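K.L.:
Go ahead and model the full structure; you've got the sequences and the hints to work with.
For the protein sequence lines, the chains are A and B, in the order given.
If you number the first sequence the way UniProt numbering does, the last residue is 339 and the count never jumps.
If you number the second sequence the way UniProt numbering does, the last residue is 339 and the count never jumps.
Keep in mind that the hints were calculated from the coordinates and are not lab data.
Check before you lean on any hint, since a few could be wrong.
Since the list can't tell identical chains apart, any single copy or any two copies may satisfy a pair.
What the hints assert, rightly or not - No more than 30 angstroms apart at the CA atoms, straight line, and that leaves these computed lysine-lysine pairs for DSSO-like:
#1 Lys63 / Lys166
#2 Lys150 / Lys254
#3 Lys266 / Lys254
#4 Lys301 / Lys259
Being a predicted model, the structure only gives us computed values, none of them experimental.
2 protein chains.
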Amino acid sequence: MARNGYRVAVVGATGAVGTTMVRVLEERNFPVSDLKLLASSRSVGKELTFRGDKVAVEELTEKSFEGVDVALFSAGASVSRQFAPIAARSGCVVVDNSSAFRMDPQTPLVVPEVNPHAVRGHQGIIANPNCSTIQMVVALKPIQDAAGIKRIVVTTFQAVSGTGMKAIEELRLQVEALVRGEPLPRQVYPHQIAFNCLPHIGSFLDSGYTEEEMKMVNETRKIFEDPDIQVCATTVRVPVYYGHSESVAVETRKPLDVKEAVALLKRADGVQVVDEPLAARYPMPLDAAGRDETFVGRIRKDISVENGLVLWIVADNIRKGAATNAVQIAELLVREKLL
Amino acid sequence: MARNGYRVAVVGATGAVGTTMVRVLEERNFPVSDLKLLASSRSVGKELTFRGDKVAVEELTEKSFEGVDVALFSAGASVSRQFAPIAARSGCVVVDNSSAFRMDPQTPLVVPEVNPHAVRGHQGIIANPNCSTIQMVVALKPIQDAAGIKRIVVTTFQAVSGTGMKAIEELRLQVEALVRGEPLPRQVYPHQIAFNCLPHIGSFLDSGYTEEEMKMVNETRKIFEDPDIQVCATTVRVPVYYGHSESVAVETRKPLDVKEAVALLKRADGVQVVDEPLAARYPMPLDAAGRDETFVGRIRKDISVENGLVLWIVADNIRKGAATNAVQIAELLVREKLL
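P.N.:
Next comes the structure, spelled out in structure tokens:
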């Protein structure tokens, strides 16, 4: 650590996740001595505010990482594939929010509440998991520890912010056009998203699953270091701005009763239990927006199987699902003296 | 059959389902000689159009069913509990869209594509299943027949029209208020529904499940006449006007490969397969609205279990989920000479 903090770069600084990374660095008081905001040449000239100061966006180049201690990447997989290795070679530790390195055996895939030890083996790049995976493993961690997870059947309700700024704008413009009786703009999604549900996130594979669905399968196994966990995912885009919701049926190896599961979840790191159904209290994306916790409710026995629980898991996909998790990884690197 | 058709009553004629029942009777050219529109005294004075004629709404009383051959009820369980037995005693056959008699062992619970034979034993009242159950059993019928269903894990994405006219209005008013930056009206749901998801449909039971979730369990078993089918349901309200979507993982007793399942679904009564993911073609509530078919897509192997399939099932909850199914039951009664 040079001077009174670390030299931090945010790559993709003007995106939905990048702008939130800057805000979270400030909110969590991460020890930043210098902040470098990097983006494509199109964003040069823009400014973001950090601790009351305007910081200009600079163009991302191969030389951007000289003197940088840690770089938080959120500019898509192709930018990460090109620039993360360059940043790592220049001595900077990369926390990468894209899918580029997540399944690379050399790259730790880390959720600080779940597998913090995994950062230790890093070789310059640490991957941030997919948003839908993060909130699910945070909620399932105490269940995996207590009873072992055999199978997960998950269906997601994913907010448009997960697609990025343009998708947030598309939902807003579609709703406004509908209210005014005007023709609907449509550029980001293949179908109208306002007042609709699209069972389509990421590209489709030959198996009929989407990339997003297989991320939930493969990343869950890697984070839990348990290749025997069976996962079936259906991922769906819904007309919500912020906050992914997940309906999760989890079958455990050993019995785990609901009361015990609730007690474990209440003690779990990063989890907030919201489960008073008779008072109409359960997690909702509108309440999770802007928060860093993973909210868990509707906790009940799965009546269709011997050892099973059903959960409703909600988190802010841009914060815990991306920006906050990345900053937490940087904090973990500081604590582990790996920066 | 008197004269050139049947004397038909619609109870709850001014509601979201009732008005659609009248439209569907006309569209499907049901042999109606007289149409009686019944509702509470608050609706007296209103008129609906049937085959070009205005029909006045009359107040529902104990004498309303004299001379009526078939009455389609959709005015809530308490109205059905009070008036359906009176109607049946006056010689009229009741098709009841409420939950009042669905689980009564004397009352057939009928989806014409699935268990048409069940109407034969009727004793004056035939129940229309819950909207979420209807579309699921239509899609699962060929799978049950071919391979036997062991377990269903279902998560629903339910439109506000399922709650009724006032809920449709609430979503519309909330969206308009948000666009205009005005305070949000909220009367129907316990939380904002616009841009949110509520894992709460029907009242909560001590088990942590909702009434809606248990309807899917119990009605599925009754319709398939198979008490061994295990069902775990999570039912969620989403900001969609018309069309329920369902993410369904079904475990079968015998193996059934995806190609065979698709072939069976393509031939199944009332089903339309929409499953060309590479062309971004899959069922969506926006496309299902106004249609009578049950749309099935995203058909794939459940990779988390030995014998399993995953499906995405969408139908118009007001039409196939309620009004159309009720009119189809009336048509079945005509075919079976039970009217």
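K.L.:
At 30 angstroms max between alpha carbons, let me know whether Lys301 reaches Lys259 within a copy, between copies, both or neither.
P.N.:
within (10 angstroms within a copy, 34 angstroms between copies)
K.L.:
Can you give me the call for Lys266 and Lys254, within, between, both or neither, at a CA distance of at most 30 angstroms?
P.N.:
Intra 20 angstroms, inter 40 angstroms, cutoff 30 angstroms: intra-copy only.
K.L.:
Cα distance capped at 30 angstroms. Does Lys150 pair with Lys254 within a copy, between copies, both, or neither?
P.N.:
Result: close both inside a copy and across copies, 9 angstroms intra and 21 angstroms inter.
K.L.:
30 angstroms Cα cut-off: does Lys63 pair with Lys166 within a copy, between copies, both or neither?
P.N.:
Within. Shortest intra-copy distance 29 angstroms satisfies the 30 angstroms Cα cut-off; inter-copy 60 angstroms does not.
Comparing the model with each numbered hint stated earlier shows that all of them hold.
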